[in-house]
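S.K.: One letter stands for each residue in the lines below.
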Amino acid sequence: MTNLIRLHNFDGGIHPAENKAQSTATPIQQASLPAELVLPLHQHIGAAAKPLVKAGDQVLKGQLIAAADGFVSVPLHAPTSGTVAAVEPRAVPHASGLQEDCIVIIPDGAERWTEHQSLYQQLGLEHLSDISPRQLTEHIRQCGIAGMGGAGFPTAVKLSTGQREIHTLILNGAECEPYITADDMLMRERAAEVIQGAQILLHIVGAKGCMIGVEDNKPQAIAALNSALVELGEEHHIDVVTIPTKYPSGGEKQLIKILTGEEVPAGGIPANLGLVCQNVGTAAAIYRAVAFGEPLISRITTLTGDAMQQPGNWEVLIGTPVSHLLQLAGYQPQQRERVIMGGPMMGFALPGLDLPITKTSNCLLAPTEKELPPNDIAMACIRCGMCADACPADLLPQQLYWFSKSQEFDKAEQHNIFDCIECGACSYVCPSHIPLVQYYRYAKGAIREERAAQAKAERARQRFEERLARQEREVAEKEAKRKARAEAAAKAQAAKPAVAADSAAASNSAAATNTADGNAELEKLQKQFDAAQSALAKTKEKLEAARADESMADKVPLFESALNKTQDKIKDLAKQLAAAKKAAKAAPAAATTDTDKGDPNSPERLKRKWETAQARLDTALKRLAEAKEQGLDTVDALQTGVDKQQERVNEAKAAYDASVADGAAAGATVGGSAAPQATGAQTADNNAADQAANIEALNKKILAQQDRVAKMQERLDMAKAEGLDTVDALTLGVQKQQDKLLQLQQELAALAPAGTTSNEAS
Amino acid sequence: MGLLTLSSPHTHGPNSTSKVMATVILATLPGLAVITALFGWGTFINVLLASATAVASEAAILSIRKRPLAFFLKDNTALLTGVLIGLALPPFAPFWITLVATAFAIVFAKQLYGGMGNNPFNPAMVGYALVLVSFPVQMTTSWALSTQMSGQATLGFADTLQVIFAGSASLADGFSGATPLDAYKHLIAKGTADSVLAEATFNGWLNGGWEWVNLAFLAGGLVLIWRRIISWHIPLAMLVSLSLCSLMLGWDEDMYTPLSLHLLSGATMLGAFFIATDPVSASTTPRGKLIYGAGIGILLYVIRTWGAYPDAVAFAVLLMNFAAPFIDAYTQPRTYGHAKAKRGLPPKQR
Numbered sequence: 002m003t004n005l006i007r008l009h010n011f012d013g014g015i016h017p018a019e020n021k022a023q024s025t026a027t028p029i030q031q032a033s034l035p036a037e038l039v040l041p042l043h044q045h046i047g048a049a050a051k052p053l054v055k056a057g058d059q060v061l062k063g064q065l066i067a068a069a070d071g072f073v074s075v076p077l078h079a080p081t082s083g084t085v086a087a088v089e090p091r092a093v094p095h096a097s098g099l100q101e102d103c104i105v106i107i108p109d110g111a112e113r114w115t116e117h118q119s120l121y122q123q124l125g126l127e128h129l130s131d132i133s134p135r136q137l138t139e140h141i142r143q144c145g146i147a148g149m150g151g152a153g154f155p156t157a158v159k160l161s162t163g164q165r166e167i168h169t170l171i172l173n174g175a176e177c178e179p180y181i182t183a184d185d186m187l188m189r190e191r192a193a194e195v196i197q198g199a200q201i202l203l204h205i206v207g208a209k210g211c212m213i214g215v216e217d218n219k220p221q222a223i224a225a226l227n228s229a230l231v232e233l234g235e236e237h238h239i240d241v242v243t244i245p246t247k248y249p250s251g252g253e254k255q256l257i258k259i260l261t262g263e264e265v266p267a268g269g270i271p272a273n274l275g276l277v278c279q280n281v282g283t284a285a286a287i288y289r290a291v292a293f294g295e296p297l298i299s300r301i302t303t304l305t306g307d308a309m310q311q312p313g314n315w316e317v318l319i320g321t322p323v324s325h326l327l328q329l330a331g332y333q334p335q336q337r338e339r340v341i342m343g344g345p346m347m348g349f350a351l352p353g354l355d356l357p358i359t360k361t362s363n364c365l366l367a368p369t370e371k372e373l374p375p376n377d378i379a380m381a382c383i384r385c386g387m388c389a390d391a392c393p394a395d396l397l398p399q400q401l402y403w404f405s406k407s408q409e410f411d412k413a414e415q416h417n418i419f420d421c422i423e424c425g426a427c428s429y430v431c432p433s434h435i436p437l438v439q440y441y442r443y444a445k446g447a448i449r450e451e452r453a454a455q456a457k458a459e460r461a462r463q464r465f466e467e468r469l470a471r472q473e474r475e476v477a478e479k480e481a482k483r484k485a486r487a488e489a490a491a492k493a494q495a496a497k498p499a500v501a502a503d504s505a506a507a508s509n510s511a512a513a514t515n516t517a518d519g520n521a522e523l524e525k526l527q528k529q530f531d532a533a534q535s536a537l538a539k540t541k542e543k544l545e546a547a548r549a550d551e552s553m554a555d556k557v558p559l560f561e562s563a564l565n566k567t568q569d570k571i572k573d574l575a576k577q578l579a580a581a582k583k584a585a586k587a588a589p590a591a592a593t594t595d596t597d598k599g600d601p602n603s604p605e606r607l608k609r610k611w612e613t614a615q616a617r618l619d620t621a622l623k624r625l626a627e628a629k630e631q632g633l634d635t636v637d638a639l640q641t642g643v644d645k646q647q648e649r650v651n652e653a654k655a656a657y658d659a660s661v662a663d664g665a666a667a668g669a670t671v672g673g674s675a676a677p678q679a680t681g682a683q684t685a686d687n688n689a690a691d692q693a694a695n696i697e698a699l700n701k702k703i704l705a706q707q708d709r710v711a712k713m714q715e716r717l718d719m720a721k722a723e724g725l726d727t728v729d730a731l732t733l734g735v736q737k738q739q740d741k742l743l744q745l746q747q748e749l750a751a752l753a754p755a756g757t758t759s760n761e762a763s
Numbered sequence: 029m030g031l032l033t034l035s036s037p038h039t040h041g042p043n044s045t046s047k048v049m050a051t052v053i054l055a056t057l058p059g060l061a062v063i064t065a066l067f068g069w070g071t072f073i074n075v076l077l078a079s080a081t082a083v084a085s086e087a088a089i090l091s092i093r094k095r096p097l098a099f100f101l102k103d104n105t106a107l108l109t110g111v112l113i114g115l116a117l118p119p120f121a122p123f124w125i126t127l128v129a130t131a132f133a134i135v136f137a138k139q140l141y142g143g144m145g146n147n148p149f150n151p152a153m154v155g156y157a158l159v160l161v162s163f164p165v166q167m168t169t170s171w172a173l174s175t176q177m178s179g180q181a182t183l184g185f186a187d188t189l190q191v192i193f194a195g196s197a198s199l200a201d202g203f204s205g206a207t208p209l210d211a212y213k214h215l216i217a218k219g220t221a222d223s224v225l226a227e228a229t230f231n232g233w234l235n236g237g238w239e240w241v242n243l244a245f246l247a248g249g250l251v252l253i254w255r256r257i258i259s260w261h262i263p264l265a266m267l268v269s270l271s272l273c274s275l276m277l278g279w280d281e282d283m284y285t286p287l288s289l290h291l292l293s294g295a296t297m298l299g300a301f302f303i304a305t306d307p308v309s310a311s312t313t314p315r316g317k318l319i320y321g322a323g324i325g326i327l328l329y330v331i332r333t334w335g336a337y338p339d340a341v342a343f344a345v346l347l348m349n350f351a352a353p354f355i356d357a358y359t360q361p362r363t364y365g366h367a368k369a370k371r372g373l374p375p376k377q378r
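Taken in order, these protein sequences are the chains called A and B.
Everything in the first sequence is counted per our numbering, starting at 2 for the first residue and increasing by one.
Everything in the second sequence is counted per our numbering, starting at 29 for the first residue and increasing by one.
Think of the hints as simulated: they come from the structure by calculation, not from any bench.
Computed Cβ-Cβ distance ranges for the label pairs, DEER-style:
no.: 1; chain 1: B; residue 1: Lys102; chain 2: A; residue 2: Ser324; range: 40 to 46 Å
no.: 2; chain 1: B; residue 1: Leu272; chain 2: A; residue 2: His238; range: 49 to 55 Å
no.: 3; chain 1: A; residue 1: Ile378; chain 2: B; residue 2: Gly30; range: 19 to 25 Å
no.: 4; chain 1: A; residue 1: Ser324; chain 2: B; residue 2: Ala247; range: 56 to 62 Å
no.: 5; chain 1: A; residue 1: Ala379; chain 2: B; residue 2: Met276; range: 45 to 51 Å
no.: 6; chain 1: A; residue 1: Arg7; chain 2: B; residue 2: Leu76; range: 52 to 58 Å
no.: 7; chain 1: A; residue 1: Ile378; chain 2: B; residue 2: Leu76; range: 27 to 33 Å
no.: 8; chain 1: B; residue 1: Lys368; chain 2: A; residue 2: Ala456; range: 25 to 31 Å
no.: 9; chain 1: A; residue 1: Asp70; chain 2: B; residue 2: Gly30; range: 32 to 38 Å
no.: 10; chain 1: A; residue 1: Lys209; chain 2: B; residue 2: Ala247; range: 52 to 58 Å
no.: 11; chain 1: B; residue 1: Ala217; chain 2: A; residue 2: His9; range: 53 to 59 Å
no.: 12; chain 1: A; residue 1: Gln408; chain 2: B; residue 2: Lys368; range: 23 to 29 Å
no.: 13; chain 1: A; residue 1: Arg7; chain 2: B; residue 2: Met276; range: 38 to 44 Å
no.: 14; chain 1: B; residue 1: Ala247; chain 2: A; residue 2: Ala456; range: 55 to 61 Å
Stretch-level coverage of chain A by chain B, calculated; a stretch enters the list once three of its residues show a Cβ under 8 Å from a Cβ in chain B:
no.: 15; stretch: 383-393
no.: 16; stretch: 403-416
Coverage of chain A stretches by chain B, computed from C-beta distances (three or more under 8 Å per stretch; other residues unrestricted):
no.: 17; stretch: 265-274
no.: 18; stretch: 333-340
no.: 19; stretch: 420-428
no.: 20; stretch: 438-445
We put the CB at the ideal spot given by N, CA and C, even for glycine.
My request is simple: use the sequences and hints to build the entire structure.
M.R.: Below you can see the structure in the form of structure tokens.
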């Protein structure tokens, strides 16, 4: 097809000396096997491949030796058969000079291929149109193909255009950089592979047509491509477009502008315009992968420069050391050696010659000093603006230079420094020989560092704020829990039965809280009593005096009434004093028993009960003994009293023993001793166990009490029948016992409100 | 191994500052030749004197600043400043005027700002403006008359030397006078355009030989544009705006200087192609250059017509030098891939 395509132009550009004739005099030669192949795991954009082999493994040519790590990654294949010497860090060709993990293979010279077949055979299909784009893309991915124009972007990722509609495929055969002729020779000698690759790519992306952009300084390549198109025979939609020679028209963005007139949006990709751009070398590699199943294991590299005796193009295995290739081309080390990987505009000077060729190494340039003199000393910028005239991205390199130099990075960003493609056209034309591109690289790096630091600070701030919020939350939760617990405890307290218990508790608590007050009260009453006593004495005197003295006879009744009043007062005060003394005495006891709260049937309380019961029994026995000595009538009553008290003592003891035993049983869960426990620290388990024990004890008590009531009733009846004096005492006694029984029953009800097993008989 | 590990790019074009400056100096030579032919040796002597003074002052300052002399002097910028001042000054100006103008330009307007590339104002015009304002008498009466204007041959070389260095101003009596621009402005106040133009100075629309000088400078300027030393933006904008102002505001020849006189008299062409295009002090963006040039044209017309000075290239250029950074900030070109150009300064952060 003829070039009926309208060409556009991009602003700027330069015309450096081409220097391509040196390396196009000879056809592509095969490079010999080196002694060692070093294969970096990271020869592409994206994640490094993961090695699948280890030292000592035997590998075949084309065997998969490293798998892709994730979607944006490319697998690696052995370029020849041999032994894996190691998987270790080695120096890789990168401007930083750092080391990266590599697989080192010692070739065995046999070049034995692994099993490989074309995709057609694999799928059992004949026509390209039958294979789905997804299958093709997957196959390309498995064959480890990355962009071979210099960037190394995973081809399978680029071809996974997703939802975007692609209408045109562009193949980049411009090769605008001086000295490099790898693509030129590929197009001259293997044009058919390039065309077939274009067909495959057209099918994958579903584009309507393909444009192969070739600079007009490559007439043989254009002719070869055109004749390959003619030989294709079938209808095709591929155009070989001749574009004017200008650097950097081989840049993806610039080529797109030339061929379509459209600009790739800033921060976007060509797919946004419905375009996919691939290098011609990548297209040829895709063809070989699909048609023969060959993974990407070799590439064409230009070896040129005046320091090489035999410049030319070689097909080299990936991983071949640079030193091996330099030998092939007859490299003569200069006084100030410089070997550049890439072209003179965008290539980087190698820090050593042991570095390997990677999938993106398209040229090795070894210039003499005369050929490419090292940069002159830079002078001051004269603000001539020639750099802006040359810039293919329509930037203001001069302003970017000033801002980078003065580190005003916000202004540099505003002048779109990140749109710079670092082509070097500006620094090529600068009259003051200022190394502009290096300033931009520095500024870009500094801006990226700043952004990373800001992001880190932002994350730290977020974490700090979240931590503060979390702490506040925890404090609030604790507060809420504490309140809930307090409320629950208050409720539990309020729900306790028996007025006696309540009043006892109330009086106990009141006494407990008023212990101190009680003492004060006592003193006050005592004072009042003494005062009243002295007042009484005085009044008596006055009365005697008044009686003795007849002149004050009419005052005698007054004095007498006053005397009576004072006597009454004294009686009252005496009563109050006695009560207060009693309360004061009871308060400490109650206080101590109050702290012993939680469980009225705790072993401690029971023990005390038993002891008091025992004490009463002793006093009762004493009284009985006295009564017996004196032969009083009260002997029988006292005897019954003693019996009762004995029973009580036995009961108390039994209860105490039971509680101790239960406590021991419950204490096993707490791992505690049978010793009196601090009631305040009992766990719910303990409470439950104790409660059960209490209920049992109460039941026993109730039974005993019921017996007692029955017995007493019998005696009462007997006494009534016999008309004894003890009837009244016995009636009182029966009443008391019945009250006690009621009390016990109420206690039980409180402890077991659901109505547990109750042996409640009346 | 000791490999040279310089960063890309590894090659450079043939351009250099000294070459650029040398080309500019060469482009002034046609104009210089025409001036010498028509107006005598004054300008030629002034150019040599100014160049020598410029290089000497620059060397003096560089040695005070402890800079290597050869490296900095070889960029020819001082030489160019001297040449431009020599061309701008009146031919019969005493030597000390040339000295003062050039020394001031180099020392104060260039080196004290940091040397080449750091001066915000055009050094040659700073020197010229200084002497114009400080020594108005000498600056206005030292202009030479061409043969056409005076009716006799120009002053000899030796006599011119004496006038310049020995101060024998009387020798130049019959040979010096006002420039056509100046003359027209004063004469038109009294007579009509026709009567003025009939005078010997003008001889029709020609202005006493000044038109050839300007045409020679125009030729030199076009060469510079062709060699891509300067861009066409500033000269074109300046001349167009000057023409428009003259046509729109001063179309009446009886009241105002005609267009032909504006364009082809005085330092118009020298200013348009050699002075206004001084890259260091001018605007740098393409659109900015147009605005900058237009501004110079407008100011030039205003000062010439209503100002006290007959020729105002120096003031117009200096005034627009003030505005150049601001113009640059607001005339950024649209970068590839962006929808619109960014204007102004970036927003302040923090």
